[in-house]
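Chains as they are written, first to last, in this note's numbering: chain A, 122 to 357; chain B, 140 to 614.
Think of the hints as simulated: they come from the structure by calculation, not from any bench.
Errors might be hidden in some of the hints.
[Said to hold, decoys possible] Chain B side only, calculated, beta carbon under 7 Å to chain A, not exhaustive:
1. Gln170
2. Leu207
3. Phe226
4. Glu353
5. Asp393
6. Pro570
A virtual CB, placed ideally from N, CA and C, is assigned to each residue, including glycine.
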Amino acid sequence: MIKGQILNRESFISNLSNILGREMPKEVVHPELSSKPQLEIYKGFTQAQLAEEFHKNAQVNKAGSGGKIDSLIIEKKDLAKTVAEKLVEHGTGPIIAWNDERFAEWGLHDVLKDAYVWADEKGRENVDKALNASYGVCISDLSLAETASYTVIDKLGKGRSSNFLPLNYVCIVPQSTIVPRLTQGMQKLHEMSKEGINPAAINFICGSSSSSDIELNKVWGVHGPVRLSYIIVSDL
Amino acid sequence: MGIKINDQSFEKNLEKNLNDDFMRAAMVKAQDLISNNRKNVLSQLGDGNFPEWQKLSGEVRAHVLENLDFYLHQFSENVIKNGGNVFFAKDAKEASQYVTNLAIERGVKKVVKAKSMVTEEIGLNHKLMDAGVDVKETDLAEYILQLDDWNPPSHMVVPSLHLNKTQIRDVFAKNGYTGKDLPEDLAAFARAQLRNEYVTADMGIYGCNFAIAESGAITLISNEGNIDLCTSAPELQVAVMGMERIVATYEDADICISLLARSAVGAKSTSYTTFVNGITEEGAADGAKEFHVVIVDNGRSEVLKSQFKEVLQCMRCAACLNACPVYRQVGGHSYNAIYSGPLGVVLTPLLAGYDDFKELPYMCSLCGECTEVCPSNIPLHKLIHEHKRVLAEEKKASAFWGASMSGAGMVLSRPWMYKLGTSVAPLMTKPLMVDGKIKKGVSVLKGWTDKRDLPALEKTRFRDWYESRSKGGNK
Chain A
122 MIKGQILNRE
132 SFISNLSNIL
142 GREMPKEVVH
152 PELSSKPQLE
162 IYKGFTQAQL
172 AEEFHKNAQV
182 NKAGSGGKID
192 SLIIEKKDLA
202 KTVAEKLVEH
212 GTGPIIAWND
222 ERFAEWGLHD
232 VLKDAYVWAD
242 EKGRENVDKA
252 LNASYGVCIS
262 DLSLAETASY
272 TVIDKLGKGR
282 SSNFLPLNYV
292 CIVPQSTIVP
302 RLTQGMQKLH
312 EMSKEGINPA
322 AINFICGSSS
332 SSDIELNKVW
342 GVHGPVRLSY
352 IIVSDL
Chain B
140 MGIKINDQSF
150 EKNLEKNLND
160 DFMRAAMVKA
170 QDLISNNRKN
180 VLSQLGDGNF
190 PEWQKLSGEV
200 RAHVLENLDF
210 YLHQFSENVI
220 KNGGNVFFAK
230 DAKEASQYVT
240 NLAIERGVKK
250 VVKAKSMVTE
260 EIGLNHKLMD
270 AGVDVKETDL
280 AEYILQLDDW
290 NPPSHMVVPS
300 LHLNKTQIRD
310 VFAKNGYTGK
320 DLPEDLAAFA
330 RAQLRNEYVT
340 ADMGIYGCNF
350 AIAESGAITL
360 ISNEGNIDLC
370 TSAPELQVAV
380 MGMERIVATY
390 EDADICISLL
400 ARSAVGAKST
410 SYTTFVNGIT
420 EEGAADGAKE
430 FHVVIVDNGR
440 SEVLKSQFKE
450 VLQCMRCAAC
460 LNACPVYRQV
470 GGHSYNAIYS
480 GPLGVVLTPL
490 LAGYDDFKEL
500 PYMCSLCGEC
510 TEVCPSNIPL
520 HKLIHEHKRV
530 LAEEKKASAF
540 WGASMSGAGM
550 VLSRPWMYKL
560 GTSVAPLMTK
570 PLMVDGKIKK
580 GVSVLKGWTD
590 KRDLPALEKT
600 RFRDWYESRS
610 KGGNK
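Next comes chain A alone, as it looks inside the complex (with noise of 0.2 Å):
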């Protein structure tokens, strides 16, 4: 393993400096974008209602799907009862889960009690079991609502296969983590960077796994997970 090895950096450099007809610069002002449309989009909405909006635009990617991806709003109180159905929704399975205490924390305990808890130390035993998943549990660490994206931020506890091989998925959404749109999702990362913390992986997730390679006929499930239902909570 090599770690922080730059190999022709200098001369491949110089080069293009040579071609833009200039040192390299030492510092660059980044000019100011000439307008920000990007601003305008749900601007000024409401928690509640961004998350109206979220759950609408997760409805139209339901309809193109076929009916692969679902979505609900419910209370915190609903959610042990709704995260217990969907996890028999497309048959009994193998469950994998974050290591996380919010689970526990918002009443989850007993029905993730025979899931299998994603553990670091076993190593890639993990990955078996994803592999084997019916089903894997998420929780968004930030939503965006004009995509009804939700996403995971790579985290000791989470595993990445966690989020890409079980056959179903179900993705606790917080309606106080739902942001208008990427733009957003930008600010936060750009944010997380400036104070040097870069995540080895920041995936936003907005559907099922899909394909049109075959005469442009859409398929689902080419990959990962093949359905994909949102629970936004309300009150979380």
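Once you've looked at the hints, dock chain B against the given chain A.
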């Protein structure tokens, strides 16, 4: 494979493709479907509108090109901070050799790979296979093309567009598939074949939609989720990017990503938008333990100093392919290169030279539709026109073309010659007439009359008719 996809002449390629009725119908279907979806989602871009977003995207991309040295330097520094490694490759050979050496040194037996135009450009797959590495393309279309003996891509976003489901079934049947030619069954077969490959591969290779200078992130955009799996399980991961595929900030990435999915597939977003920032946390059970970015020049720096530099703003969405009336008729393989459509017409001769691709600029009617739809604000049709100018002025066009243009220039600049020519043309074409139409043309007319009849030339010239009409003659 490299940039050129076969050694047949341009004319032979074209002739073959013009006789492929399924492929031609597929191109029409793809253009109509994706273009309509694109128009719908672009109309929903909030209170903004496409030309405004297009302008913004052009600003963002042009700014990076003006400061490419600075941003590549900044990006590479941040990749290092994220625990990765960076290799700057001046050409295809250096880039593919670096990745292959890495595979050999780490004892890699199997690679899972996501769709990437630049890895096609540098011929990476065959280099790895020559070194004994088992390469698994995981994008469904690329997987189909790999099983079909590395059939070349015909579209940048839907590479297997030229194959019908029965052909795909036959390809899969050679690999153990026993089902019917139903798309969902064929996709399920691919899923079953590939899922285990992700978790047993030693190395993941993917491209890069946008690199983000301020953080060192690689942005990856897909619907299938195969890229996310390539970035999940393999411990050794390599991202390969053209040197121009960079934006300064996350704010700039927002503009480009917002337009990319809408322009490429006519959706507000692809199912997966992923940012990879180097190696995973210490102790994590999956994710990259070793991460490399290969930044490829391969002729791009020559483009940067040329009058064609705006083509480096391209984000490979293929909107220009989906709008082009020529691509619609001839399909991707007629360009004889991995980059097709208007982008291919501009880029291919720049990266691979005029010698093999001097015909490409003439696969354009200069209608300008590609420029209208380009989310990166590239004046594609003007760049194609510039290629034509270069070819004409540097005499790289064929002798026939040069003689024809000289002849036309001579006639058109001399009114008496023009009048004489247009007066005798009906007489000259009379021997070609059958049932009042020109059915079997010669020379340049043959290309037309092979496909359709040419109406007979009127005996009265337009100018003469118009002059007579203005004097109250025949209307």
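**Message:** Checking hints one by one. Is leucine 207 of chain B an interface residue toward chain A, by the C-beta closer than 7 Å rule?
**Reply:** holds (5 Å)
**Prompt:** Is the hint on proline 570 of chain B kept, meaning its closest Cβ partner in chain A is under 7 Å away?
**Reply:** violated (47 Å)
**Restraint satisfaction for phenylalanine 226 of chain B [CB to CB of chain A, less than 7 Å]** = holds (5 Å)
**Status of the hint placing aspartate 393 of chain B at chain A (closest C-beta pair under 7 Å)** = For aspartate 393 of chain B, the interface hint holds, since the closest Cβ of chain A sits about 4 Å away, which is under 7 Å.
**Message:** Quick check on glutamate 353 of chain B please, does its C-beta sit within 7 Å of some C-beta on chain A?
**Reply:** Cβ of glutamate 353 of chain B sits 6 Å from chain A, so the hint holds.
**Message:** Given a cut of 7 Å on the nearest C-beta pair, is the interface hint for glutamine 170 of chain B held or broken against chain A?
**Reply:** violated (11 Å)
In the structure shown, a violation is registered for the earlier hints numbered 1, 6, in ascending order.
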